[in-house]
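K.L.:
Turn these sequences into a full structure, and let the hints steer you where they fit.
Here are the chains, one letter per residue:
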Amino acid sequence: MALQVYTASLLKEGLVAYLCLEDGLPSWTPEIGQATAMDDGSVESLKIAAEKSERDNIIVAPYAIDVVNSDGGWVAATKREQIRASGPTIVLPRDNAANASERAGRKAA
Amino acid sequence: MYQYSEQDHQLLLERVEQFRGQVQRRLKGQLSEDEFKQQRLRNGLYLQLHAYMLRVAIPYGLLSAEQMRTLAHIARKYDKGYGHFSTRQNIQYNWPQLEDVPDILDDLAAVEMHAIQTSGNCIRNTTSDPLAGVARDELEDPRPYCELIRQWSTFHPEFNFLPRKFKIAVSGAIHDRAAVAVHDIGLRLVNNAENETGFEIYVGGGLGRTPMIGKLIRDFLPKEDMLTYLEAILRVYNQLGRRDNLYKARIKILVHETGEDEFRALVEEEWQKIKATGLHLREQDIDRIKAFFVDPEYDDLPDTDREFENQILSNPDFARWADKNIELHKQSGYRVVYLSLKSAHQPPGDVTADQMDAIADLADKYSLSQIRTTHRQNLVLSDVKLQDLHALWLELKKLDLATPNYNHMTDIISCPGLDFCALATARSIPISQEITNRFDDYDFVNDLGDLSINISGCINACGHHHVANIGILGVNKKGTEVYQLTLGGSAREDASIGKIIGPAFEADQIVDAVSDVLTVYLDKREDPEETFLTTYRRIGQPPFKEKLYG
Chain A
1 MALQVYTASL LKEGLVAYLC LEDGLPSWTP EIGQATAMDD GSVESLKIAA EKSERDNIIV
61 APYAIDVVNS DGGWVAATKR EQIRASGPTI VLPRDNAANA SERAGRKAA
Chain B
1 MYQYSEQDHQ LLLERVEQFR GQVQRRLKGQ LSEDEFKQQR LRNGLYLQLH AYMLRVAIPY
61 GLLSAEQMRT LAHIARKYDK GYGHFSTRQN IQYNWPQLED VPDILDDLAA VEMHAIQTSG
121 NCIRNTTSDP LAGVARDELE DPRPYCELIR QWSTFHPEFN FLPRKFKIAV SGAIHDRAAV
181 AVHDIGLRLV NNAENETGFE IYVGGGLGRT PMIGKLIRDF LPKEDMLTYL EAILRVYNQL
241 GRRDNLYKAR IKILVHETGE DEFRALVEEE WQKIKATGLH LREQDIDRIK AFFVDPEYDD
301 LPDTDREFEN QILSNPDFAR WADKNIELHK QSGYRVVYLS LKSAHQPPGD VTADQMDAIA
361 DLADKYSLSQ IRTTHRQNLV LSDVKLQDLH ALWLELKKLD LATPNYNHMT DIISCPGLDF
421 CALATARSIP ISQEITNRFD DYDFVNDLGD LSINISGCIN ACGHHHVANI GILGVNKKGT
481 EVYQLTLGGS AREDASIGKI IGPAFEADQI VDAVSDVLTV YLDKREDPEE TFLTTYRRIG
541 QPPFKEKLYG
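Protein sequences, first through last, are from chains A and B. UniProt numbering puts the first residue of the first sequence at 1, with every later residue one more than the last. UniProt numbering puts the first residue of the second sequence at 1, with every later residue one more than the last.
Hints were generated in silico from the structure; no laboratory data involved. Worth double-checking, as some hints may not be accurate.
Said to hold, decoys possible - Distance condition first, Cα-Cα at most 16 Å in a straight line; then the derived EDC-like pairs of lysine to aspartate or glutamate:
#1 B:Lys28 / A:Glu13
#2 A:Lys79 / B:Glu506
#3 B:Lys77 / A:Glu13
#4 B:Lys80 / A:Asp95
#5 A:Lys12 / B:Glu33
#6 B:Lys478 / A:Asp66
Stated by the list, open to error - Computed beta-carbon distance windows for the label pairs:
#7 A:Glu22 / B:Lys28: 25 to 33 Å
#8 A:Thr78 / B:Lys28: 28 to 36 Å
#9 B:Gln284 / A:Ser86: 56 to 64 Å
#10 A:Asp40 / B:Ile539: 49 to 57 Å
#11 A:Asp23 / B:Glu35: 30 to 38 Å
#12 A:Asp40 / B:Leu240: 39 to 47 Å
As the structure is a computational prediction, the values presented were derived from the model and not from experiment. Where is the CB? At the ideal position from N, CA and C, for every residue including glycine.
P.N.:
Put into structure tokens, the structure is as follows:
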């Protein structure tokens, strides 16, 4: 039976997140491996929790994706979702470390 | 370049504050995502595969050095230290946070920039020739007309909810460097038999899943009628364009289904109604805008320079770069310089914040403080003195912006593809990088001559693969990325849509397939001067098919 996790984008940051459901309480993690996976018969509870997070303005556009178990964690079943989970497959352009200071300063502020 | 009026400034600031309020209400939950989505898209803000993406307009691809520094500042402060120049001469940031976007727009407004109408079903940024105003083959500078279109189309109430997005390009030269034929409306400045200058009007060009070359619906339109005629076209489209089917909503489908002659008649009929009472451009209206684009005071210089010639003779690397990345300028003693954003080290069109700052400094030092962006995702310094070329080259080399490949095979257009785009079905940047690395041999690339390769990561064709000599389209086939090859496209004055050569190739086969195509070309060309496109049009697909599929 296919296993699924729920994913969405965080409203404030726009970043990819995955739903963890513990004792009925939802939280969102950037790590797909830490997401709560359920089979077809139970995935409705993930959907309900994701929609609540959407109403609470934590996330945007939740949807379910198929996952497979790999080395004890979840891995997205499709290439699109694998890239979405792990980020661009290319090296991002970057300046040398010293020139990231403005960005770093902002993060610290 | 155009300088904002007090009213322009006020308009932008009010828009920023309006969007700031919308963002705050969204973050507090007072606006739903459905309600907010239309607002953010009107301000160029998408939600992409990994994060928000902000698209900033660069009207007709013209930037001041000060504006470039602000783009660098935004990349550094609010993003991951880089930006991506797109085929619409805009810049995109891939990682902004929602709450920062109003501040970004504020910073942009301070230098007369914005993200208005860079998304949504409205008239988008008008694009143009990156050599506008300096090209030797130019009849008239198209930028004043682009600016008039910009002012007319910005917040135009009648055209704010079109059936689909709408793209206009204007060119004033013999050679088309703005891909005029693949725009919803393309305008070309031409002379008529009486030697008056006006426009040829093309309508219904476009790429995407149904690529089409624009149809010439008027072979001469007086300049003063430009806005009323555009208005007539858009009115016909607004009334008759399909809103029931996203894939049939572009004007190219309307023109195709209505028929060229019938569509022309509809436009002419509408135009007759509004021609006398609409926005007729008086000569002084055009002259007022032209005043922002007058030639700078060029130095009186000879068109040869002994020192330059010596540097060419003594330095093969410099000679190669000068041969590929320099274009003649209308002014004696000056040259146009292409800054290649297609090195082997960065995705096509990407520029880091440090590079942006350095480019701004170089523009100040060598090119009258202006930079242009090109639809092939490169940059241009348009007014460089012949005597400064060597010094400029040395600085560009340090910045990795001097790859000698302009309009050659490693000057690849690539959309962001599945590495960034929520719509993409396959990756495009890694394929472009693999091609660039495989063919990182100046002599080979030089021998191939004028040749374009464009790559799209889905059928929406943001990488313009249909109009490349060699086009690559990534698609998803049963969970695997595969790549279709199209041959024979052109985005220039001889515009054509490439044809699919056969079944798609796996990701690990596509670069070999490109190599095979090049082998056939080299084998079949009649002489080294015969371009790939000429050879292809002469011999057709069979020899390529035979090599690729046996």
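K.L.:
So, for every hint listed, does it hold in this structure?
P.N.:
Now the hints, each set against the structure:
no., hint, in the structure
1, B:Lys28 / A:Glu13, "14 Å, holds"
2, A:Lys79 / B:Glu506, "14 Å, holds"
3, B:Lys77 / A:Glu13, "15 Å, holds"
4, B:Lys80 / A:Asp95, "10 Å, holds"
5, A:Lys12 / B:Glu33, "12 Å, holds"
6, B:Lys478 / A:Asp66, "15 Å, holds"
7, A:Glu22 / B:Lys28: 25 to 33 Å, "27 Å, holds"
8, A:Thr78 / B:Lys28: 28 to 36 Å, "35 Å, holds"
9, B:Gln284 / A:Ser86: 56 to 64 Å, "59 Å, holds"
10, A:Asp40 / B:Ile539: 49 to 57 Å, "55 Å, holds"
11, A:Asp23 / B:Glu35: 30 to 38 Å, "33 Å, holds"
12, A:Asp40 / B:Leu240: 39 to 47 Å, "46 Å, holds"
Hint compliance for this structure: every hint is met.
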